[in-house]
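Protein chains: 2
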Amino acid sequence: MNKTIGIFGGGQLGRMMAQAALPLNIQCCFYEADTHCPAAQLGAVIANQAPDALQQFIASADVFSLEFENTPLADVDQLIQTQTLYPPRQALATAQNRLLEKALFDELAIPVAPYRAVHCEADLEQAVAELGLPLVLKTATGGYDGKGQFVLRERADIQAAWQALGPAQHLVAEAFVDFSRELSIIAVRGQDGELKTWPLAENHHHHGILSHSIVPAPDSAELQLVAQDYICRLLDRLDYVGVLTLELFVTEQGLLANEMAPRVHNSGHWSIEGAICSQFENHIRAVAGLPLGSTAMVAPTVMVNIIGQYPDSAQVLALDGAHLHLYNKTERAGRKLGHITLLPKDSAQLSTLCQKLAIILPEPLALHAEIDIQHGAVE
Amino acid sequence: MNKTIGIFGGGQLGRMMAQAALPLNIQCCFYEADTHCPAAQLGAVIANQAPDALQQFIASADVFSLEFENTPLADVDQLIQTQTLYPPRQALATAQNRLLEKALFDELAIPVAPYRAVHCEADLEQAVAELGLPLVLKTATGGYDGKGQFVLRERADIQAAWQALGPAQHLVAEAFVDFSRELSIIAVRGQDGELKTWPLAENHHHHGILSHSIVPAPDSAELQLVAQDYICRLLDRLDYVGVLTLELFVTEQGLLANEMAPRVHNSGHWSIEGAICSQFENHIRAVAGLPLGSTAMVAPTVMVNIIGQYPDSAQVLALDGAHLHLYNKTERAGRKLGHITLLPKDSAQLSTLCQKLAIILPEPLALHAEIDIQHGAVE
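Chains Z and C, in that order, give the protein sequences.
Following the UniProt record's numbering, the numbering of the first sequence begins with 1 at its first residue and continues without gaps.
Following the UniProt record's numbering, the numbering of the second sequence begins with 1 at its first residue and continues without gaps.
Simulated from the structure, these hints should not be mistaken for laboratory data.
Since the list gives no way to pick one copy over another, a pair counts as held whenever it fits inside one copy or between any two copies.
Below are the SDA-like pairs computed for lysine to any residue, each with C-alpha atoms no more than 20 Å apart in a straight line:
#1 K3 - D312
#2 K3 - Q83
#3 K329 - P362
#4 K3 - L317
#5 K345 - I276
#6 K329 - A314
#7 K3 - Q41
#8 K345 - M297
#9 K3 - Q309
Modelling step: build the complete structure from the supplied sequences, incorporating the hints.
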């Protein structure tokens, strides 16, 4: 009766997947370098350095998934000879390569910022000429949390940009997007093709790291329909099973897709308390072949990341209705250590809570900014 | 920074405590006979048969609690020589003995059914004479889920009752309570004396086993205030820390206390999804010395027990908004294997869900009965 899901990676996303899986009598195990990883308290960790580790992992579970979008395709290829992986290999391969990803967006008529593939310095010069400045040069593979990117502001930056990123060989130059807001939509697809989407999150970053997400994104009723349409095209085209995230920019030309993540996402952590069924539980349900749960919102929610240093737990828990999620990681600058979920009664309470949190958190990121929510905006 | 809580017992209550503790970076360990107990997936189990097991357990955590109200007082006495136990020893000792418990209720002016201590057959005859029939004879210690009880319906039952329970020596005879409903109130007290209570649950039993709980108990606005008053008297008098449950009867003479349980309780499982902070998280917060979370209700909730045999998970999860909690136990008649939480939109949806559940569950217990909820009854 019990099922085991093998997960590539054992960080906080795997930890929260396993937390959602246990009440369903589903056990997770993890393929991960660090046997003291955040997920280790919830399931066996198979250290991925040993020579036969991958074979051992492949033999250890009934079905497989991932929490790490840079899971090596070579490992996946070995796994899928005998086992099933959700999401499917193609989704992973596409998400790992910005050029493949943009080609897929183009194929599905999901708008993206104008871009050019760049394989040599001359390509970059041509891209600057055609797309104008500023321009963002990105490696096609390996980028994460703002790494592997270079913003060109004038023609003189071309050489420096090429020197910084050229060795990666496969690059993409993107026209600078003049966006007013960053949103993300998260959706889940079951093995029978059932689709469900959560409300749009509005994401606020600080130096490339997610600071906080507001759900539902203010004034997003129409955007929600557009974003749902885009992500459902992706899910169906990829014959996807599990949770997929699509990051979007709000521009004067409408929503533009930034990138997709073939996994549960930091901007979906609000759903543990804020939605009837969380992204973690629905991902587990999909991978295990169970019916999906409702993605409806319980109440407007704000999720705040804990970065670099832990706050005093007692101070956080003294905030009315605050939920604390710590990942059992050691402190390090820029590292995601946990998150806090707020389900404020109204904008006034949210404002108070955020002011207090900005004092309590050692690294308040973008929390000083004005935050507002809209009750009753999305059903 | 991380804390470990040592818990006497490792059943489903310990399992759900540990599930609530992990996001707070609090680890639990368990003192328990069965190393494959439900809590074993979430923390170390110290097998309690080994000669030095108790010393090992005492050395294994920063602070201690329990999920098992029959935790031996001898073990507790050894523990509290060097360590702290929440709830305090006196609460445990009182709850383990119906005579001490009723004396405490009397002292605090919490009404109970008329009763007599019974130490010999003559005491029982006198109790029948004074309290009338029917009469319930119970062992003062060791009773659980309807065991250790004998209902006397006529004078001729006296001998049989005495033969059945007399060897226990310490007995209590209680006047039969003509009650319309069974309710329970759950409350939590912090180390600083902070008190919080959840809404009353209306509990429906089947052959002495809890079938389902409805929260808030219908028509309970006034009863809530009375029940809160009673349980707060107990918490303060016992200098209690953690979660306490008080079972109550609704009678024509008002609320009568049945018994207290010095622990999280089956009738509080609804609070995982139905309250802002669950009984499990607040118990952990109290034991760890953290501020308590809000016990306010998210929405009216019904909790249904899974007894004896597992249902098909997929059928349960296909129910709109249903949450499934399985305890990783093997099937056995009468055994609590899991529970299902429903947060219906209205009475009509609740009725539909319960009709479906009565078909899906191999042992539907009292679920065939009319179930109703009241939205907006308790804030």
